[in-house]
Structure formats: C-alpha cells, structure tokens
Amino acid sequence: MMLDNIVWDRMLNSVNETLYMSFFSVIVIFILGLTVGLSLYLTDEDRLIENKGIYRLLSITVDLLRSIPFIILLILLVPFTKLIMGTMLGKTAALPALIIGGTPFYARMVEISLREVDKGTIEASQSMGASLIQIIRKVLIKESLPGIISGITVTAISIVSYSAMAGVIGAGGLGNYAYLYGFQRNNQQVVVVSTVFILLIVLVIQKVGNYYTQKIDHRK
Amino acid sequence: MIKLTKVNKTFKDKTTHINAVVNVDLEVEKADIFGIVGSSGAGKSTLIRLLNRLETPDSGQIQISGVNITKLTKEELRHFRMQTGMIFQHFNLLWSRTVLQNIMLPLEITGCSKTEQIKRARELLKLVDLEDKAHVYPSELSGGQKQRVGIARALANKPEVLLCDEATSALDPKTTDNILSLLMKINKELDITIVLITHEMNVIRKICNRVAVMNNGEVIEQGDVQEIFNYPKHEITKEFVAKELVSETYGTKFKKDHSKKLIKLVFTNDSTRIPLLRNLVVNYGLNPNIIEAKVRSVQESQIGFLIVEIDSSFNLTEVRDYLKLQNVKLEVLNDAR
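Protein chains in written order, with the working numbering: chain A, 4 to 223; chain B, 3 to 339.
Do not take every clue at face value.
If the Cβ cut is set under 10 Å, some of the chain A residues that face chain B in the computed set are [claimed, not checked]: (1) Leu76; (2) Pro82; (3) Lys85; (4) Arg118; (5) Asp121; (6) Thr124; (7) Glu126; (8) Gly132; (9) Ala133; (10) Val142; (11) Leu148; (12) Pro149; (13) Ile219; (14) Lys223.
These aren't lab readings, by the way, just hints derived from the structure by calculation. By construction, the Cβ of each residue, glycine as well, lies at the ideal position given by its N, Cα and C atoms.
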C-alpha cells in the first residue's frame, strides 16, 4: 500500500511547526530588515542623513552575519538561544537563528530596492517641504514597495529551507521529521512526502508574493 | 521679489573643485517670467536650486519676498518651500500614485484635510486640462501630460514663485509650445512669478520678459529679452542668439564651393521692412543666391537674418557702409573656404 509508512498526525504536526517557525521569523525579519535596510540607505554617502560611521558599522555587521553559513550560525547561537529561549529544542528555539540569519539578507535587499527610487522624486518632495519622516513614508517606501515585497518573498522561501535545516539540530518542523523518521529510520516515504509539503509551502509563498508585487507595480 | 547678492557656491571633494555659481547678482520682479540660459555645466541648475535652498550658498544673500532664505531654520525652510513650486525636466512624479494622488502629495505634506486635498487637486486638474486623467497612473501619460501633472502639483499650495528646471527639455517642439503656453497662462492668470532655466534660446524668446545669461558660473549678461536679442553684448550671448536664429543645416548640407562665400545679414525692427536685397542687387551689383532666411517675433519686435552666397571676389566695402546706415549687421561666415 502506498504511503502506509507515514504517521499523518506527526506529519501534519510537522507542517504546522514549519509554518509557525517561518511565519513568525518572517514577520520579525520584515520589521527588522526594513529598519536596517532603511538605515543603510539613509546613512550612505550622498543620502538624506549621510553618516559614514553608522553606515560602515551596519554594513560590516550585515556582511559578517551574511557570510556565516546557516548551519554554523545555528551551532554558534546555541548558547544564546538557550539563554533567551530557555531551550534549544522545539519550534520556538529556531526563531533566534532564523531571524539573525534572515535579517541581514533581507536588509540588503531593502537597501537595493531603495537605491532604485528615482532621486528626482526625493528632490521633488524636498522642494515641497517634506520632512524626513514624510519622505520615508510617502516616497521611499511607497516607491520601492515592489522590491520590498518581492524581497520578503525570496527571504520567506529561504527561511522555509533554513527552518528545515534547523530541524536537523532539534528545532522541529518538516526538516526534523524528514531527518529523524525518514533518514535515520530509512523511511523514504517520509522524506518524499515532507519534500512535497515543503514544495507546496514554497509554491504558495511565491504565488502570493508575485501576485502582490504585480498588483502594486505601476511603473509600466 | 527675488534678489540675489554676491552669491557663491562651490562643490568640493577630494579631487575636484567646481565653482558652480560665482558672484551672482540677480533681481527678479513680481510677475516676471525670468529665464536663465546657459550651456550645460554653466551653473544654472545650481542657481535655481539655490532659490528654494535645495542647495545652500557658501556666501551671499538670497532675499525672497523680503526674507533672507539663507538664514532660515529647518522648520522655517520647510514652510518656505511649501510656498515655492518647482517643476523638473524629468517630471519626477511618483509612479506609485495616480495623477490625482500625485497632485495631493504637497497638500498632504502641508497637512490639509482629505476633502480639501481632493477639492484642490480637482481644481488644478481642470487648470491643466487633465480632468479625465485623475485616476490614471503616470506611466500611462505622455511627456507633455506628465509635465502638466508636474505643474498642477507645483501649484497645489498656491505658491508665489514657480521654479522650472529645464521643464521642456525632454519634450518635443510641439509639446514644448503647449507647456510654454500653459506657463504663460499661469503667470498671467494666477500672477505667479516664474523663474526658469533652459539651454534653449527659443524658450526664452517665446515666454520670458527678462533673461540672464550664464557661463562658467557667472551671470555675464542680464536684462530685457528684446534688448538682449537685439543687442547682445557678450560673445556667449551672441552665440546663443545666433543659434536660435540660424538653423545648423546650411553649414552641413551646403556643398563647398571655393569661388563663393557665405554672408549673413541680421536685421532688427525697422530694417526688416526695407527691400534690402533688391537694393543690394540694383545699386551694388551683388549677385546673391539665397541660402536661408528667417524673420521672427521676439515679444513685440522683429528680428531676422538672411544668409546668401556671393562670389568670393566681390568687394564688400561699399555694401558694408550702406548696411551700417540701414542698421543691418553683416557677417562673413566662411570666406575662402
């Protein structure tokens, strides 16, 4: 009989855990990444609040965190995770690593989108007497929104795969399930079905992301 | 209305040192359409940005409606900018907003109520003749329509001054004329002072009453447009006036012939009404072949030129005296090619 080696309760529970880990970390990454990305953009040379010191500090931190392979970051963060989460097992325990891994990645994407905002529109809003906050809210974010949305889509997809990696060192979710029950117990059905679920999640994220990116993009 | 005294602006970085605006004195009267003309790099872009302090001068005074804007605090400056409109070469509309929302942006910035914003934006759409485009996004508009939206947006907070940064340079000639007429209408009907910068003398000729010519950061000549067109003093000014009058075609398309030379006659006002060429043929035995001729109106006066080809052996001494008497300027364009 096909798929008779799968405990569906466990499987669906894993799907839930993956969704939980991805959802919460993406929301936090969105907020933090937007903040860091905006700060990078604004403090860069010739920008609105140019500040070499802050820019370099942020830029180096972001690049440093981005260059650590995720699996190493997970292990590096074990003491930190234990300290703030009280455990290094289960779905919540994966959040710090996912957030710290994902934020720099997304921050750079936000920065790139912001750089594509036409300088002329910023100058125009300055000529109208706009304040910095007004420029950020009404011009910078609005004009770079397609990039900001497609960026979070790409990030969310990476986060799903990162969360599976986190599963291997005990964080729950589909990765954990596929590894423990599929790989270690040599149950190929579990591996395949887990993969299918991951694919479905990624597909849905991509579709939703594309839909909104296109809907708000009036550039052409 | 606007008065600049000894204004200087220099851009410096490690390797370069550019004197963008040098010792500029300028005076713009209320309801003027004041044109600043110069080739690219002449400093006119910086100069116009000094007028709403998108650039801050290194030294000198800028008085606008009696206020020295170089001394404004951040908040005062924002307030001052709300009362100064600006339009741009590349329109600088927000693609993320519809036409109506673009016009509402300056009103949002000043903090008008939503109903007030919509009401005012609708009025402005009517003024620039784009009522049917209210809910369209800028990407669906033509260049001329985009500039109309730009103008409506710049007028939203009822400014006293409108700054135009190469507002027609990205437009074709016909659209340029439409936008220029709109600017004239705004100047007359709303009593708004317009300061514009351009590298095209025809823009100056068509709508400005006063003009300043810039070169290497300095204002080398300023005054009434008629005066400058008729009696340009500085070499650069003469070039600009001539470029506006003489199309560049004759030089390139005209076949070289060593037995001939080209002369240019420039007429102003009265001299445009004399049968000059006939007199030259009958009385001086000139044998001209007409290459190009044009008469144009500059505000209320006329200015024209005539380019003819004559034998290179022809002695022009007598002709010169006659022309001087008639107030016609003679210039040999390419003797002995």
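Quiz item: Should the interface hint for leucine 148 of chain A be scored as holding, given a Cβ-Cβ cut-off of 10 Å against chain B?
Solution: holds, 7 Å
Exercise. For the hint on valine 142 of chain A, just tell me whether its beta-carbon gets within less than 10 Å of chain B.
Key: With a minimum Cβ separation of about 7 Å from chain B (threshold 10 Å), the hint on valine 142 of chain A holds.
Self-check item: Interface hint compliance - arginine 118 of chain A to chain B, C-beta minimum distance less than 10 Å
Solution: Cβ of arginine 118 of chain A sits 16 Å from chain B, so the hint is violated.
Quiz item: Does the interface hint hold: is alanine 133 of chain A within less than 10 Å of chain B, judged Cβ to Cβ?
Solution: holds, 5 Å
Quiz item: Minimum Cβ distance from aspartate 121 of chain A to chain B below 10 Å?
Solution: holds, 7 Å
Quiz item: Taking the least C-beta to C-beta distance, is isoleucine 219 of chain A closer than 10 Å to chain B?
Solution: The hint holds - isoleucine 219 of chain A has a Cβ within 10 Å of chain B, the shortest such distance being about 7 Å.
Quiz item: Does glycine 132 of chain A pass the interface check with chain B, least Cβ-Cβ distance below 10 Å?
Solution: Because about 4 Å separates glycine 132 of chain A from the closest Cβ in chain B, which is inside the 10 Å limit, the hint holds.
Quiz item: Quick one, is the lysine 223 of chain A hint okay against chain B at 10 Å, beta carbons?
Solution: holds, 6 Å
Quiz prompt | Hint check: 10 Å Cβ-Cβ cutoff, leucine 76 of chain A to chain B | solution = It is violated, given that the least Cβ distance between leucine 76 of chain A and chain B is near 36 Å, above 10 Å.
Exercise. Mind checking the CB of glutamate 126 of chain A against every CB in chain B and telling me if the closest is under 10 Å?
Key: Holds. Min distance 6 Å.
Quiz item: Going by Cβ atoms only, is proline 149 of chain A closer than 10 Å to chain B?
Solution: holds, 9 Å
Quiz item: Can lysine 85 of chain A be said to touch chain B, with a Cβ gap under 10 Å?
Solution: Constraint on lysine 85 of chain A not satisfied, violated at 45 Å.
Of the numbered hints listed earlier, those contradicted by the structure are 1, 2, 3, 4.
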